[in-house]
Amino acid sequence: MATADVGPRADTAAAGSVKVWDPLVRVLHWSLAGCFALAYVTGEEILSLHQVAGYGIVAIVGARALWGLVGPRYARFDDFVPGPGRLIGYLRDLLAGRPRRYLGHNPAGGAMIVALLAGLLGTGASGILTLYGGDAFEELHEVAANITLTLVLLHIAGVILSSLLHHENLVRAMITGFKRV
Amino acid sequence: MMNFGKVIAFALIAGAVAVGGTALAQQTGKVNVTGIRLAASGESDGNGPEAGKGERFSVPQVAQRVSEQGYTDITEVELEDGNYEIKARDKEGRWVEIYVDGRTGKVMHSEVD
Ligand code: HEM
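Residue numbers (the numbering used here), protein chains in the order written: chain B, 1 to 181; chain G, 1 to 113.
Next comes chain B alone, as it looks inside the complex (with noise of 0.2 Å):
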């Protein structure tokens, strides 16, 4: 009953599983992940459909945002975002070979959201720069884009080594929602 509102992948949830990524934050997470797929290749072309993504992005930052204040326990932000001696202290034990299982973010995955989420947004604020014209603000904008790209590779990276590190599919919770407990 509890887990009836995942519709038909209700019955994955099987004994030893938990409902950790709520419907707003497995939406929000691959719309963003196609807008910034889409404003990346339409950047060069096709100007208009650029911008809607771009603003899509926006929305959507400005959206998880207001979720991370308000929403459930593992959307929270003060669930995930570390301070800098709890981030320090889960890189060494990574580095180490031996980092702490967290049902929600890990202390690298918060911080890395955080990053993405403040890059994403300085992309969109030196896109709306270009409107204003200027080659200056166009090269900024591009560098402000490589840099994110840059971030959203890391992220990918993180969520592959920590799948890796603890035998559970990332990728896969944060389309069900479920992870082992």
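Treat the hints with caution; some may be incorrect.
Claimed, not checked - Restraint-style ranges between C-beta atoms, simulated for each label pair:
1) B:Phe137 / G:Ser67: 23 to 31 Å
2) G:Phe10 / B:Ser17: 27 to 35 Å
3) G:Gln26 / B:Pro72: 35 to 43 Å
4) B:Ile175 / G:Asp73: 54 to 62 Å
5) G:Gly82 / B:Arg172: 40 to 48 Å
6) G:Gly82 / B:Gly71: 36 to 44 Å
7) B:Leu154 / G:Pro60: 30 to 38 Å
8) B:Gly71 / G:Glu68: 53 to 61 Å
9) G:Pro60 / B:Ile156: 27 to 35 Å
10) B:Glu45 / G:Gln26: 19 to 27 Å
11) B:Leu165 / G:Trp95: 53 to 61 Å
12) B:Val143 / G:Asp81: 13 to 21 Å
13) G:Ala14 / B:Trp30: 22 to 30 Å
14) G:Trp95 / B:Leu161: 45 to 53 Å
Quick caveat, the hints were computed from the structure, so don't treat them as lab data. This one's a predicted model, so the numbers in the text were calculated from it and none came from an experiment. Note that the Cβ used here is the ideal one computed from N, Cα and C, for glycine as well.
Fit chain G with the ligand to the given chain B structure using the hints.
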């Protein structure tokens, strides 16, 4: 740690609102300013689209507009997102990049190359 997440969330919300607001202001501001300017100075002189119709200048029209304003040696006219980027020489003979509003034919901005 409790407050750290909230501070970041608030900062991101404020940033998103600021970026979205600026975008909106830029877009609506452009439409209004253009309409008023065209109407006030009666610039629709057959050398461009009718005032208020919101049509875009064609490449020959925009090139003529720019050359009337004293630019010479137009070597490149590029349509970018509804506006034109034109490479030409200014009155002093320097190579410049001119940004022209695609709907009004006005030079919005120019830079020495
Ligand atoms: C193929 C591409 C991608 C995959 C497979 C992927 C996968 C994931 C996974 C598994 C998580 C959860 C991490 C965890 O378990 O702690 C996550 C979180 C996140 N990812 Fe991605 N991601 C992708 C692309 C992107 C892109 C392009 C962006 C941004 C432009 C992005 C931004 C985020 C954000 C902001 C979160 C935090 C989710 C939240 O709590 O709302 N991801 N991603």
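Hints, verified against the model:
no. : hint                           : result
1   : B:Phe137 / G:Ser67: 23 to 31 Å : 27 Å, holds
2   : G:Phe10 / B:Ser17: 27 to 35 Å  : 33 Å, holds
3   : G:Gln26 / B:Pro72: 35 to 43 Å  : 36 Å, holds
4   : B:Ile175 / G:Asp73: 54 to 62 Å : 57 Å, holds
5   : G:Gly82 / B:Arg172: 40 to 48 Å : 43 Å, holds
6   : G:Gly82 / B:Gly71: 36 to 44 Å  : 38 Å, holds
7   : B:Leu154 / G:Pro60: 30 to 38 Å : 49 Å, violated
8   : B:Gly71 / G:Glu68: 53 to 61 Å  : 58 Å, holds
9   : G:Pro60 / B:Ile156: 27 to 35 Å : 48 Å, violated
10  : B:Glu45 / G:Gln26: 19 to 27 Å  : 22 Å, holds
11  : B:Leu165 / G:Trp95: 53 to 61 Å : 57 Å, holds
12  : B:Val143 / G:Asp81: 13 to 21 Å : 19 Å, holds
13  : G:Ala14 / B:Trp30: 22 to 30 Å  : 25 Å, holds
14  : G:Trp95 / B:Leu161: 45 to 53 Å : 50 Å, holds
Hint compliance for this structure: hints 7, 9 are not met, and every other hint is.
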